[in-house]
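Colleague: Chain residues, written in single-letter form:
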Amino acid sequence: GNSVTQMEGPVTLSEEAFLTINCTYTATGYPSLFWYVQYPGEGLQLLLKATKADDKGSNKGFEATYRKETTSFHLEKGSVQVSDSAVYFCARQAAGNKLTFGGGTRVLVKP
Amino acid sequence: DTGVSQDPRHKITKRGQNVTFRCDPISEHNRLYWYRQTLGQGPEFLTYFQNEAQLEKSRLLSDRFSAERPKGSFSTLEIQRTEQGDSAMYLCASSLDLNTEAFFGQGTRLTVV
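In order, the protein sequence lines correspond to chains G and A. Every letter in the first sequence is one number past the one before it in this note's numbering, and letter 4, counting from 1, is 4. Every letter in the second sequence is one number past the one before it in this note's numbering, and letter 30, counting from 1, is 141.
Simulated from the structure, these hints should not be mistaken for lab results. If you're wondering where the values come from, they're calculated on a predicted model, not measured in any experiment. It cannot be assumed that every hint is accurate.
To give an idea of the chain G side of the interface with chain A (calculated C-beta under 10 Å), a few residues [claimed, not checked]: (1) Q6; (2) G41; (3) E42; (4) T51; (5) G103.
Just so it is clear, CB atoms sit at the ideal spot from N, CA and C, and this is done for glycine as well.
Take these sequences, add in the hints, and give me the full structure.
Modeller: Following this line, the structure appears as structure tokens:
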């Protein structure tokens, strides 16, 4: 079936460290891929997306590249801030524009 | 536009009671989705509407669950005879149409005691 697998957290980092959160997906075809972020006490927000192979989504210093050959969409940020502490969800589009989410990765950035 | 609005934000109910949640999507958004998120997990799809038509229901949506979107605007999700396993965050999202970004509400947290 169609699923999304992302690395389990929590991930604890120091400010200005490099962040990578791995995400892989299974799918037929080439679904659009997304990263959503959930800050404490807030709803899910779209962080970035990519709609076809080799596309790179980017926003707020975060990047992720749609890799068809490895069915991956890893999230990266070169220098994290305390304000990046949140739960990050990888997701893929399914039929009807509904989303299939990974289990989420909690990131804690310490000053 | 204030985004997707959900009410209530929190609900505590006794097992066996019925509960109803409301979602107001972004105006003019044709598609409305319901998801459920249990602690430490990602959201799981429940059902979605195109205008007032309910187009798909997940197997997670047992016969105790019913969702409506009577006029193609706001939606309600009702859970009858609640069980402790129903405790979760219920998320609503809306999108303008197919293949457009889905915007999420802040969710309704249900606790069944």
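Colleague: If you test the structure against every hint from before, which numbers come out violated?
Modeller: none
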